[in-house]
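*Asks:* Single-letter residue listing:
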Amino acid sequence: MTDVLTPPAPEAAPKPPRSPWRDVWDQFRSHRGALAGLVIFTLFLLAAAVGPYIWRVDPTFITIRARNLGPSWTYPLGTDQLGRDMLARMIAGGRISIAVGLTAMALSLVLGTLVGMLAGFFRRLDGPLMRLTDLFLSLPLLPLLLVMVMLFRESLSQRFGPETGIFILIVFAIGITSWMQTARIVRGDVLALKEREFVLAARSIGTPPGRIITRHLLPNVMSPIMVSATLGIANAIITESALSFLGLGFPPDFPTWGRLLFDAVDYIRDYPSRVIWPGVAISLVVLSANYIGDGLRDALDPRIRGR
Amino acid sequence: MLTYTLRRLLLSIPTLIFISLVIFLLLELAPGDPLADQPLTIPPEVRERMRAALGLGEPVYVRYWKWLVQFFWVEPRVMLDAWLGTAMAVGEQRIISWQFRAPVFDVIWQRLPQTLWVVGMAYIIGVLIALPIGIISAYRQYSWFDQIGTFVAMIGFSVPTFFTGVLLIVIFAVNLGWFPSIYDTTLRVTDWPSFVRQVQQMAMPVAVLALYNAAQISRYMRASMLDNLNQDYVRTARAKGMTEPVVVLLHVLRNSMIPVVTVIALGVPSIFGGAIITEQVFKVNGLGQALIGAIYANDLPMVQTLAFIFAILIVLFNLVADVLYGLLDPRIRYD
Amino acid sequence: MKLKTALMGAVAAVALAPQAIAERGADGHVNIIYWQAVSILNPYLSGGTKDIEAASMIIEPLGRYDNNGVLVPWLAAEVPTVENGGVAQDLTSITWRLKPGILWSDGTPLTSADVVFTWEYCTHPEGGCAQASKFDGVVSVEALDELTVKVTFAGPMPVPYGPFTGGQGPILQKAQFQTCLGAAAPTCTDANFGPVGTGPFVVTDFRPNDVIQMAANPNYRDPAKPRFATVTFKGGGDAAGAGRAVLETGEFDYAWNLQLAPPVLAGMVAAGRGKAISAFGTLVERIEINLTDPSPSLPEGERSTRKHPHPILSDLRVRKALSMAIDRETLVEIGYGQAGRPACTIVPSPPNFASTRTDCLAQDIAGANALLDEAGWVRGPDGVRGKDGRRLSLLYQTSTNAVRQDFQALIKQWWSEIGVETELKNINAGVFFGGDPGSPDTFQKFYADVEMYANNFDGTDPQAYLSAYRCGNEPRPETGWQGENINRYCDPAYDALLDELARTADFEERGRIARQLAEMLTVESYTILPLVDRGRVSAHANTLGGVVLNTWDSELWNVADWYRIK
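Protein chains in written order, with our numbering: chain U, 1 to 307; chain V, 1 to 335; chain R, 1 to 566.
Bound conformation, chain U alone (with noise of 0.2 Å):
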């Protein structure tokens, strides 16, 4: 590496020594992308958490006289078909959607890329849980989920309550269709770097399997996973959106963004607003974890943290 060979900065001695999770939040904070994508998904989180409190509507609520109506100042994004306030259904929908997004993409990744590093790095494991992935990847998606619906959802709900119950039904229900994608990708990432010069190194080294993994393969593939979870997020969302659809998500009177779009667009000519906000939240959010992916992906990377 060619900035080994450059003499320190003089200032550089007197200064204390700085934290790797520093260097990382400097390096992230020069990314102008992955910065703004950190505030709008900021925005986005709040809006969920605490928009509730402050836009105190119930988005269940109906107005029968108030059907389809535009922007006003009642209603900032007017109404359902209805006569439901869309604001109030937007964040209510948010609070899901968004939920549902993170869970359900951080249980694929974690067990993709679990899956995927122990095929990739123990051979003896590779044959089995390979065919375990063309098992899960064969099987029809719908049939599975109404297995799952029905062997889950009466006992769930009767222990976590009706919400919570189906919440966690279908994320488990996302996370358990949606990991292979990941488990191959990095299982075959994997296999080309544990023959890389550095591994072997650390291997002759004599060290253990748990830390050539961690220190060393995890890191180097980053970059795909952080892809997968960009693209997980959105998928979860609209997986969600279809399973409702298909009577097998969230209880008809939860509003969720892929619910409000799907529901919109049959009135796309009509009432075109209405596809727009869901269309533009999910959008966005998805946006925004891109780049705040990237922006993690260039921080964590000891190559480009220092140029």
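I should point out that these hints are in silico values taken from the structure, not numbers from a laboratory. For glycine and all other residues, C-beta sits at the position ideal for the given N, C-alpha and C. Take these hints with a grain of salt, some might be off.
Okay, the calculated bits of chain U under chain R, using three or more residues with CB under 8 Å as the criterion [claimed, not checked]:
1. 60 to 66
2. 149 to 163
3. 251 to 260
4. 267 to 275
Away from chain V, derived, C-beta distances all over 12 Å, residues of chain R [what the hints assert, rightly or not]:
5. Thr148
6. Asp190
7. Ala464
8. Leu498
9. Asp499
10. Leu501
11. Asn542
Examples of chain R residues toward chain V, derived with CB under 7 Å [stated by the list, open to error]:
12. Ala245
13. Pro437
14. Ser439
Based on the hints, put chains V and R in the right spot on chain U.
*Replies:* Here is chains V and R on its own, set in the frame of chain U:
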């Protein structure tokens, strides 16, 4: 490599049989009734007799065994009969769909052309767009090209096809009248005008799907290229005086292909799975529509057969991906 | 200007004149779209509406119901009655005479043997015929001569018109189907996909669940019909796409059953390319009330059975209050528009059988509140009523469908105004309407307090439909959860009246009894809360003439008369 491939191929047979069993049991367990879409005016006793006529009275293992025999023994011979003009399987029980009371494979052959045309074409176009976009985006990271590419890709991925499809129909079919909103599966391309009509009816579904595919693949391409562009060997190659195109397109690209090959190989079987929502929006009525229709109608023989063909393709293309890894990076060895 | 209009009129008259003497196939091609695709063209193997209606263009029954619900002769020379001697005095047999000279599309003559064969085909024990209930009570069908068929019943049949009428009872050609009896039925793919018929069209290409191509039947009995030479019958997609293709882009001429939100449909019609037409039949969207306890705390096998009466809904006053809180006019306005009418009865037509009581129509929140107070349900601090430590809380389930979810939301709100808490649940339609006894979510199992769906009856006589609510006909574990008495309703007076209806032949008297039965279930006991009398909305292009929407039979019943307006 050859022995590895052969060993994997042999090993995939028990794997596939196990997968078929799991699919069968899953479908068996799933709630549902092939008569759910029949009107409520049909009384319960009549329904019971209709179920018996579908063979639902038999035990599960008998039905599974029958399906296995029909899939692996009867259907291949029927296919051979059709090609060679022989009569090996005349009069034997084929896999019969519950919805149509017709052989499942006849329907699959009927559906294949439009699925390959629309979904396959969209996939090829998607890949062809995605690769250069991914490469340029990575090479010129944070340029305006990269920013626009990222933006379009993320929109393409985060806006579901049920929305983009309807949007395109409203703009191009209803308002402008350029393209038909309904796909004509009976159209045969015989001359120039019919070719033009085929292109017209394919334009919108292909555009919707290609955008979605390109969005996904270009992101992986870009990320993987970025990882490799900063590697030492790139610096070495440049130092040796290689031209930039050689460095990027030969060295970096080859080393960046592994995740991209994985994603592309995973996507190929899904071509045959069809694109359920897009096919529905544009009424393409391909294999995706056949599968979802069969699932809704609880047409188990049809779902089982389609899901199993899908499984074969997945196992096959994952093997192809594994072989390609070895070609892309000779250090990867499996034995 | 006046002159020009007059001239145009004259030109139009001239242009129209040749149509009167136009010949078969003169109007070219017609495109029909059904958003539920057709799977098979044999109505005896599938009871789906889409399959029956597509088949009705090809194969025909002896008699059809017209758009007023009146039975008209189709392949028969006349409708047999007691007056014309076609129906025996003791009501135990009916004798049909075929029109002479009718040919199948392959050129062979239609005979009484084909009619007899159709009966044999459907009643074969291994065939699993979807229309078997049409032949309930039939002892024999015999050919008296080439053109005469006698159907004999086990006992007196007040309405002997079940067999061989309507879209569900077309005649199959014996020559084509005679090797397809019983277990062999599904092996006859060619016959099931392209039956030889007497109707105006013949199949040239059938792709299941996709598209049917048809051509005019060269042997059709009227030499001037059908006016269209070829037909494309496309399936698939959704109602919005079908509506768009007819009303907005003009690619198709006829779209079936456009279940769309009223403003969406209105927007499409505004494009000016076509018209939406509607007609009413017997389909009623309703809330069914569970009279038994569905509580999950009960052991499996006792939930929702008559062993445990419902702790809340067994009280008539609660059921009545639930009905009073609903504003049916608003439901129609939001969900169905021109395709709906508020309903207080489950038998909305024909007029002879339809109850005229409208006392459920006015929404009365105050009255409902008073009724619940009277029943001892007192409002708690959160506004939800309670009694003896039990909250007035109901689980309300239905199938997944945009309109039904809107209805759920509205009704939940009205019920909250009378202090009733409602938990909503929607279930995939395939599971909800599927009879899988292993699933907890079927409408027969009814593991909920109230549920919403639509039901109707075939033909014009509601006897079989009303008999569903007989005591003992309820779904229960012993019957594998099969049964039609969804509410677990049980009233000896009702059963006695049903027996009286089965004995009565007089038309007026049957009407009186049927009205009384329907009222016992609805406005008197509030066991069923009818919501909307759902009509059918279809659309046709402005250039398609001759369409008469019919809800009593196939929508395409008069497709032979359709023509192109030039």
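*Asks:* Now tell me if each hint is right for this structure.
*Replies:* Structure-based check of all given hints:
no.	hint	verdict
1	60 to 66	holds (count 4)
2	149 to 163	holds (count 4)
3	251 to 260	holds (count 3)
4	267 to 275	holds (count 3)
5	Thr148	29 Å, holds
6	Asp190	9 Å, violated
7	Ala464	8 Å, violated
8	Leu498	15 Å, holds
9	Asp499	19 Å, holds
10	Leu501	17 Å, holds
11	Asn542	17 Å, holds
12	Ala245	5 Å, holds
13	Pro437	9 Å, violated
14	Ser439	3 Å, holds
Consistency with the previously given hints fails for numbers 6, 7, 13, ordered from lowest to highest.
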